[in-house]
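With chain A held as given, fit chain B onto it using these hints.
Number of protein chains: 2
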Amino acid sequence: MASVIPVSNSSMKSDRNTYIGKRFVHVKNPYLDSMDEDILYHLDLGTKTHNLPAMFGDVKFVCVGGSPNRMKAFALFMHKELGLEEAEEDIKDICAGTDRYCMYKTGPVLAISHGMGIPSISIMLHELIKLLHHARCSDVTIIRIGTSGGIGIAPGTVVITDIAVDSFFKPRFEQVILDNIVTRSTELDKELSEELFNCSKEIPNFPTLIGHTMCTYDFYEGQGRLDGALCSFSREKKLDCLKRAYKAGVRNIEMESTVFAAMCGLCGLKAAVVCVTLLDRLDCDQINLPHDVLVEYQQRPQLLISNFIRRRLGLCD
Amino acid sequence: MASVIPVSNSSMKSDRNTYIGKRFVHVKNPYLDSMDEDILYHLDLGTKTHNLPAMFGDVKFVCVGGSPNRMKAFALFMHKELGLEEAEEDIKDICAGTDRYCMYKTGPVLAISHGMGIPSISIMLHELIKLLHHARCSDVTIIRIGTSGGIGIAPGTVVITDIAVDSFFKPRFEQVILDNIVTRSTELDKELSEELFNCSKEIPNFPTLIGHTMCTYDFYEGQGRLDGALCSFSREKKLDCLKRAYKAGVRNIEMESTVFAAMCGLCGLKAAVVCVTLLDRLDCDQINLPHDVLVEYQQRPQLLISNFIRRRLGLCD
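Going down the list, the sequences are from chains A and B. All residue numbers in the first sequence are consecutive under the UniProt record's numbering, ending with 317. All residue numbers in the second sequence are consecutive under the UniProt record's numbering, ending with 317.
Hints are computed from structural coordinates only; laboratory data are not their basis. Where hints are given, some of them may not hold.
As the list makes no split between identical chains, a pair holds if one copy fits it or if it spans any two.
[To be verified] Below are the DSBU-like pairs computed for lysine-lysine, each with C-alpha atoms no more than 30 Å apart in a straight line:
hint	residue 1	residue 2
1	LYS190	LYS28
2	LYS28	LYS238
3	LYS80	LYS270
4	LYS238	LYS48
5	LYS190	LYS48
6	LYS201	LYS92
7	LYS22	LYS247
The following block holds chain A by itself, in its conformation from the complex (with noise of 0.2 Å):
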């Protein structure tokens, strides 16, 4: 494992005191620190070009989500909440030189896109971690927020994870390292998933629970939707399934959180899911809702975690 506390940094060993306690990112690569500049390439970003530590040094919350464009809002938002004095125009996408993530940030909290899917969090992931080490961040906090479907739960409902599970209700994540078969735990911090769940209930109307988070590689036969392209199966196979998870102990699907809980869970980030509900799979498989309760369904985990986040900071009344 690399170190993580810059010692040979001068300026760092003057204020020795200060890292005491404090929780760093673990890059767990003996040969990173050897490296004589890292490109993070899929974020346009690297240690010769950019002075990580002045641009990042400060990041204490990190939140990531599928689409780029919840990601600027959600970033615009938490703005707006902070009451921070920079212009709403400054906050551009730190990432524009790429068209594969996008990336903001307002005061300790960095906003990024991951697309859909395990492989494209995973090439985000590996590429945020090396930032937030780079930038020598401690005592981070990062949170998935997404959109997901439910099942046997009313849509719109905010499911935070208390672990991940595979498409055979295993919690873990199957990494396939070289040609071999790594097998990593996905479990999510219990302190971080409670302090979520405490905060939801200060907000009026807004349906939360804890539960696992079954997260699949495929949108469509993956997740038994009879309405892909290929649906070779039964809608009381479908069913059957779908039941069997819910009593497993599943109550939404996704396809990014057990890759998320493993990485982040190896590098020492404490780290937490939140997807709201947009259908119940026991119902339907297509997502129709009207397109002002879809948005106000994908403002829930961002109203959310900005609540968190306030209160961490100490912002709340």
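Chain B in isolation, oriented as in the chain A frame:
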């Protein structure tokens, strides 16, 4: 399997002979045709809100690639190459209502972005294949153009995939359906790849080869990179694995080809994968090409596909 020839449509009946010998897109889902409406959620299109046959009925070539900007650039390039009359400004993102994917159309050419990784391209392909079915498209050729890491070949080489293999060098795609694993073939269209290879010979200084393409779920650990946030193997293990891949016929590595080959094959679409290599993974892991070289390399698959389409349309000298 749903019937794809709309026999009940009178405008079709009167001109029935023109369908002889035409190759339609197969959706393999018995539920689809009984749906009152099909909302292609991630494309922001639908059968009730859009006249899909009028919008897409003339599509003959579909090009897909990871980056939205690159697919827009390709559409504008094709527009120029085809000498179409429509103003360039009229080529607008058809999926502008969503930020999940971008889609551009110029004449018979449709260009769509698919993000990064198997799950991301798989969502797009389900909805694209349904779109082509609803639009009653026939004789469609689909080509993925992209970037990749090479193995044992010079950066800038264009690899036309004969077969996509998984992380274990096997020519298969493992699809989870409900909670079962189904193995699918990843063969691509042999005639099409040879036709593309012949096209490449007409372009000066255009290194091209036909070979196996390895498709992984991860850019860092899954491709044996030593520069991720996590790395638990040695340089020797990495090189050993890449050399075994080379010996098995693999010439480049990317993250979408297996599911692309599997789904297109099942749905009767003649498909090809054409990726340029940005580095030789036996030499390095980081992509650090000068910007202008990177841009020129990224344009190579576009140039080849443009030549191919112009030849098919009889527009070449």
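Ascending list of hint numbers which this structure does not respect: Of the numbered hints given earlier, those the structure breaks are 5, 6, 7, listed in rising order.
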